[in-house]
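**Q** Order-wise, the sequence lines are chains V and F.
Residues are numbered in the numbering used here as their position in the first sequence, beginning at 1, plus a constant of 6.
So that you can map any letter, position 177 of the second sequence is 166 in the numbering used here, and since no number is skipped, the others follow by simple counting.
Quick caveat, the hints were computed from the structure, so don't treat them as lab data.
Where a beta carbon is used, it is the ideal one built from N, C-alpha and C, also for glycine.
The reader is advised that the hints may include incorrect statements.
Going by beta-carbon spacing under 10 Å, a handful of chain V positions derived as facing chain F [stated by the list, open to error]:
{"#": "1", "residue": "Gly117"}
{"#": "2", "residue": "Ser120"}
{"#": "3", "residue": "Ala122"}
{"#": "4", "residue": "Gly258"}
{"#": "5", "residue": "Gln259"}
{"#": "6", "residue": "Ala261"}
{"#": "7", "residue": "Ala269"}
{"#": "8", "residue": "Lys354"}
{"#": "9", "residue": "Gly355"}
Result set (DSBU-like, lysine-lysine): computed pairs, CA atoms no more than 30 Å apart in a straight line [unchecked claim]:
{"#": "10", "chain 1": "V", "residue 1": "Lys272", "chain 2": "V", "residue 2": "Lys256"}
{"#": "11", "chain 1": "V", "residue 1": "Lys336", "chain 2": "V", "residue 2": "Lys150"}
{"#": "12", "chain 1": "V", "residue 1": "Lys365", "chain 2": "F", "residue 2": "Lys52"}
{"#": "13", "chain 1": "V", "residue 1": "Lys150", "chain 2": "F", "residue 2": "Lys52"}
{"#": "14", "chain 1": "F", "residue 1": "Lys52", "chain 2": "V", "residue 2": "Lys235"}
{"#": "15", "chain 1": "V", "residue 1": "Lys142", "chain 2": "F", "residue 2": "Lys52"}
{"#": "16", "chain 1": "V", "residue 1": "Lys205", "chain 2": "V", "residue 2": "Lys336"}
{"#": "17", "chain 1": "V", "residue 1": "Lys116", "chain 2": "V", "residue 2": "Lys365"}
{"#": "18", "chain 1": "V", "residue 1": "Lys142", "chain 2": "V", "residue 2": "Lys272"}
{"#": "19", "chain 1": "V", "residue 1": "Lys205", "chain 2": "V", "residue 2": "Lys243"}
{"#": "20", "chain 1": "V", "residue 1": "Lys78", "chain 2": "F", "residue 2": "Lys52"}
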Amino acid sequence: MQNNSNLCFAVPAGFRKETPKVKLQRKNGVRALTVGAVAISGALLLTACGSDNNTASSNASSSSSSSAGSIKCDGNGQLLASGSTAQQNAMALWVKNYQAACSGTSINYKGVGSGAGIQEFLQGSTAFAGSDSPLKPEEVTASKKICSGGGQAIDLPMVGGPIAVEYNLPGVDSLVLDAPTLAQIFNGKITKWNDAAIKKLNPSATLPSTTIQAFHRSDESGTTDNFTKYLIAAAGKDFPYTGGKAWQAKGGQSAQGSAAVTAQIKQTQGAIGYAELSFATASSVPTVKIDTGASSPVDASTDSATKAIAAAKVVGTGNDLSLKIDYNTKVDGAYPITLVTYEIACDKGNKSATLAATKSFLTYAASDAGQGVLAAQGYAPLPAEVVTKVRSTISSLS
Amino acid sequence: MDITANTPAPPPPATRTTGGGTVTRPGDRIFSGLSRGSGILLLVIMGAIAAFLTIRAVNAISKDQGNFFTTFEWNATANPPVFGIAVLAYGTIVSSIIAMIIAVPIAVGIALFISHYAPRRLASPFAYVIDLLAAVPSIVYGLWGALFLVPHLQGLNLWLDHYLGWTVIFDQSNPGTAARSLFTVGILLAIMILPIITNVSREVFRQVPRANEEAALALGATRWEVIRLSVLPFARSGIISASMLGLGRALGETMAVATVLSASPVLSARILDPVGGTFAQNIAAKFNEANDFGRDALIASGLVLFVITLLVNGAARLIIARRKEYSGANA
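Only chain V is shown next, with the shape it has when bound in the complex (with noise of 0.2 Å):
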């Protein structure tokens, strides 16, 4: 299982640059001493990238003995696909799972990025991908060369999760926002906790009068465009931009990663900022409550974001299944903030050789025990109309 995290890529750039240094040393004592260093650090480094992998791979080992069962296995080989790292830990599961009752297949599934993951699968060199967002048009059309026998691509809607706004205010244990509100914060209108605006959605909390620190993604990310498709959707005037996964508002401060966003919030008194559920689970900060206009504002949880899934409205034709969240939805307990990812794969002309373990493992994956391990890494499961009409969807690919 690989895990292509930006910390674990930066190793040999660090070692690159160490070279020149050893040249300028004339004793081996020396010498020996600064390799002795580097391996050192080096060690650390490894370990640091592997206990990244190590909490999900522990939960993993946990679920896979419960869930091995019903596993179907078809097909084997290898089957490369790549795609967004929102859904790589979901990936790392199912893969593990699926890989322990199927011992013929093996699956590499690389987090490179929505982006780049729809582009290696365009040039063939995978047999599905993963991504945040659903196909554009013109990606739709360039598929055509990949999927042989005039099929095409389509977007089959497999994990979702509640993107967290997280904050950091000590003796406010409990905070609740509206999108216009979230809006004005992002956008540097509303500059200090005890805001007017804040003080109406929170009368019994005592709110300071510390500057509001908003924090962004400085990478381009799929967790920002849905982030800003629902401000820009449910607040309408208070956001005026255009939205895509670059961060477009005005002031704040941006860090790199989710993770990184996460860290930021945690250690910055009066910081507000978004993640994915998990991050801030696994970090334990607090999260905002969303004032949707239901009769209770809603908490950020994976089963709230299946409701707001449930209410979503597949926009896809034929045999595509995406989906459009409905940013404004009133339905009690369903938290709006959501993103829904992709597996990307062919419905028609699938390479031979994988579409067989492809149809398998997407089986396993959105079948009852594929759905079931998700909530415990802070992914939201399907609700069951969707993931009845994915499953069809997986069944009938050729």
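Fit chain F to the known structure of chain V by using the hints.
**A** Positioned in the frame of chain V, the structure of chain F alone reads:
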């Protein structure tokens, strides 16, 4: 171990005059072929990098809807693509300048301490510690910077804002914001380039002819005067090339900057504000989610960094060449 520090520099190798007919042995031929091959290989690699960068960059820049040199934001994956290097170039240069201002005097001080002041027993372990600093991977510096340096610099930032805020440079738009600024990046880069500058300077100081120093001592100079009158003038061009090596590293540093800096497309003279970006940081941040065109655009920014680094190295060569007569270190 460092006894050599105080022994006279070895005399220049005597130029051997091979009288009459020259005898070329196979070893000679093989070795000259190998070294010539290495030289050619280097040129080929540099040419290949430059060609790759140029071809991909031209493709991207020709479709840029903004001005590549003056646009602030970097939105190459949007439709239409709008991106520019103004903020990146500014951030790269400013953070590197801050790093040099901090690192060069300290590094020269450390090198002088090791070569001229420290007791022999202390000097070599001390040199090891400096080497250890160079062996730390940059991502570890980044993590240390983001999780330790940033919260601990907040006090210094408030102090600077309060007493030096009138200079605008040290003014904070929102006093008390996290210290994830170009200034902090500069401090971190300074620590990262210390070992390179120290090591090279130390080697240069060691090569100061013993006779020069002894002559100064014989004229009644104090140790400070010896350093000022004989060591520093002799080593000046060496210090400059050491600094340029360090500057090269600071300009291209990626992970540490990406981890610490709060990047945003704002160009501000206030170096304590959490805004800005650098070339390498921007590439690291945008590469993962970029499409083919976005990657070409990032490569175009890499080309600019390549050119800036070439210019810096060229300037250093020029300075060294002009001061050659004072120095034996780089002859």
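**Q** Take the C-alpha atoms of Lys78 (chain V) and Lys52 (chain F), compute the straight-line distance between them, and say whether it is at most 30 Å.
**A** violated, 49 Å
**Q** Does Lys365 (chain V) lie within 30 Å of Lys116 (chain V) when you go C-alpha to C-alpha?
**A** holds, 19 Å
**Q** Can we keep the Ala269 (chain V) interface hint, with Cβ of chain F closer than 10 Å?
**A** Ala269 (chain V) check passes; min Cβ-Cβ to chain F is 7 Å, inside 10 Å.
**Q** Does Gly258 (chain V) pass the interface check with chain F, least Cβ-Cβ distance below 10 Å?
**A** holds, 7 Å
**Q** Under the criterion that the straight-line Cα-Cα distance not exceed 30 Å, is the pair Lys272 (chain V), Lys256 (chain V) satisfied?
**A** Holds, because 22 Å separates the two Cα atoms, which is no more than 30 Å.
**Q** Would you settle whether the hint for Ser120 (chain V) is holds or violated, based on the nearest Cβ-Cβ distance to chain F being less than 10 Å?
**A** Check passed: Cβ of Ser120 (chain V) comes within 6 Å of chain F, closer than 10 Å.
**Q** Tell me if the interface restraint on Gly117 (chain V) is satisfied: Cβ within less than 10 Å of some Cβ in chain F.
**A** holds, 9 Å
**Q** Assess, step by step, whether the Cα of Lys142 (chain V) is no farther than 30 Å from the Cα of Lys272 (chain V), and give holds or violated.
**A** violated, 36 Å
**Q** Between the alpha carbons of Lys205 (chain V) and Lys336 (chain V), is the straight-line distance 30 Å or under?
**A** holds, 22 Å
**Q** Next pair to validate is Lys205 (chain V) with Lys243 (chain V); report whether the Cα-Cα distance is within 30 Å.
**A** holds, 21 Å
**Q** Should the hint that Lys354 (chain V) touches chain F count as held when the rule is a Cβ pair under 10 Å?
**A** Result: violated, 25 Å to nearest chain F Cβ.
**Q** Less than 10 Å between beta-carbons is the criterion; does Gly355 (chain V) satisfy it with respect to chain F?
**A** violated, 23 Å
In the structure shown, a violation is registered for the earlier hints numbered 8, 9, 11, 12, 18, 20, in ascending order.
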